[in-house]
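K.L.:
So the chains spell out like this:
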Amino acid sequence: MSLRLKSVTTIVFFRKNGVVALKTPFYDLCLSSLNPQNPITDVKALASAMTNLVLSNATDTLSYIQELIKQGADPQLQKPLADCAELYIPVVKYNLPQAINALMRGRFGFTSYLLSDAGKQAQDCEKNFSGSSQSPLTERNKLLSNLCDVAVAILKLLQKG
Amino acid sequence: MGWYHLFYQYNPDSAVWGNITWGHAVSRDLIHWFYLPFAMVPDQWYDTNGVWTGSATLLPDGQIMMLYTGDTNDSVQVQNLAYPANLSDPLLIDWIKYPGNPVLVPPTGIETDEFRDPTTGWVGPDGKWRITIGSRINETIGVSLVYQTTNFTTYELLEGFLHAVPGTGMWECVDFYPVAINGSQGLDTSANGPDIKHVLKASLDNTKVDYYALGTYDPVTDRWTPDNPKEDVGIGLRVDYGRYYASKTFYDQYKKRRILWGWINETDTEEDDLEKGWASVQTIPRAVLFDNKTGTNLLQWPVEEIESLRLNSTDFEEVLVEPGSVVPLDIGMAAQLDIFVEFETELISDSVVEEYGCSGGAVDRSSLGPFGILAIADQTLSELTPVFFRPVNSTDGTLKTYFCADETRSSKALDVFKQVYGSTVPVLEDEKLGMRVLVDHSIVESFAQGGRTVITSRIYPTEAIYGAARLFLFNNATSVNVKATLKIWELNSAFIRPFPFVDSN
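So the sequence lines, in the order shown, correspond to chains A and B.
Residue numbers for the first sequence follow our numbering, beginning at 9 and rising by one.
Residue numbers for the second sequence follow our numbering, beginning at 39 and rising by one.
These are calculated hints, taken from the structure and not from any lab test.
The beta carbon of each residue, even a glycine, is placed where N, CA and C say it ideally should be.
Worth double-checking, as some hints may not be accurate.
A few chain A residues that face chain B, going by a derived Cβ cut-off under 10 angstroms, partial list only [to be verified]: (1) P98; (2) Q106; (3) A110; (4) T146.
Okay, chain A solo, but in the shape it has when bound (with noise of 0.2 angstroms):
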């Protein structure tokens, strides 16, 4: 199956002995014998899988802006990391769960809202750091945003049916 995504950089998809594995920088996730019988299940499960690893990306990333703000090292970056902070929250608490839940339940269209919004979040706390203060999540942000990119580009060929 080919998939159209936007500019990824940091996400790979490789096949190897039956083996479907998604690399990414952060987090490795491998599917085990995707069965080349039922599409749609196989579909299904990589979608499910996918939002779920932007369920840890995000918790990941949410852990990791709390630990900067800990740590307190930069104190221009305190307010920017703070908003970001608001932002990811809501995602990981509320919205994924809630995604990973439609998803169960076939709810497509619902699912690929959820997961859309959850990437403009990642845009918006990126957004928070303009042209003086450096960000320290850009990387994860743009992460975020694309794996969600990618969730909702596998939701659509469930919609389609």
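Here the structure of chain A is known, so what remains is to put chain B in place on it, guided by the hints.
P.N.:
Showing chain B alone in chain A's frame:
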């Protein structure tokens, strides 16, 4: 006595966006509305793909110039002129589209599908009218173009922009209007002078959020500059921190106030909207004033005519709500309410320096908050919508106060978008924390500190409905006792319906 007119984007054929037509409704008091026939339908090549947003300019001689965006048969966005067929008809039922339409087409350098939503006109010192239209440059810079006109049929594009903000993307529904610095009334759109600031507002297409900023307008250069560039349009204050978009104001010249309308779109799925057969509501109109006390934001307040819906009221004096507790308020029907609450807090154990915002919702306990009300809750609290304050002794040494609405447990329904909304609200020394909350079945409009921060919530309760809806006080802080003083009115329905035309035989 005249009629207030509301023209709204409407799809007569479906509960999802499309075939956009101008719906029309009238009211004497901004609260009781009557539906009239459609004012304009997409029946010309220049608006066949949609009769989109527009604005009315009232001329001194009584004429009404209605400029609106039409989406043409080639999906190009153009501006068209329309005017009432009969100015002596108080209901303004019939409208004529200017035969020379379109009056404006996208200029060179502007994308043909990013040129829409012309504003109400204002007069400059040279006697010419100006309008502004939002767009974008290089896809990421939000801008507002300025056109000059003497007749509303021919225009001159001015060089440059009224203002531009990088990174904000397409500006939809631009609104531009003056506010009095030390005044208590609204101002005509053409007003200018030393005791006046100008508000520039844009709806950001990329994020579907309405932003505004206060600044100074130079009528000679036709440029607007923000008071605080760090809180420029699109990167600073929001008009409303909840589910709210595409808002715009108009000047009510009889009661001398600036009135704000806002669109609450649905957070359920499109399938649900199609099944229920309708979608979208408007907020209760709000009067807008400059906040003289802070000098840095606007105040929004429900129009006073809402008081005509008030039935009986109940008072509660200094109700004690201890940490971790919920107190029911015995008020009868709780689905249609106008609630005023004031809070006093008493520190009962050491408070902590901490970082908290709205984002975790009302379940997150911090030392000084959250506390507030539980609106549209059922008896067992299986559904509830907390509206609350969370004061925080921040790590930067200041006391911040967050004002939030938490939809995460507002409904047992699974496929509705349930957010936590909110922001900090300025609280001046010696001010008590206070909120006003309008509750209407599935909409909650929450106003903090006289309207400095406003949050609109769109919820879909399944249990907390009609007679089963309840109201509670809650305190989930760890280190403060809270005393709440409330005045709560039950609100009558507005009985919005078609205009009662009577056959004249």
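K.L.:
All hints are to be evaluated individually against the structure, with a verdict given for each.
P.N.:
Hint-by-hint comparison with the structure:
no.	hint	result
1	P98	holds, 5 angstroms
2	Q106	holds, 7 angstroms
3	A110	holds, 6 angstroms
4	T146	violated, 15 angstroms
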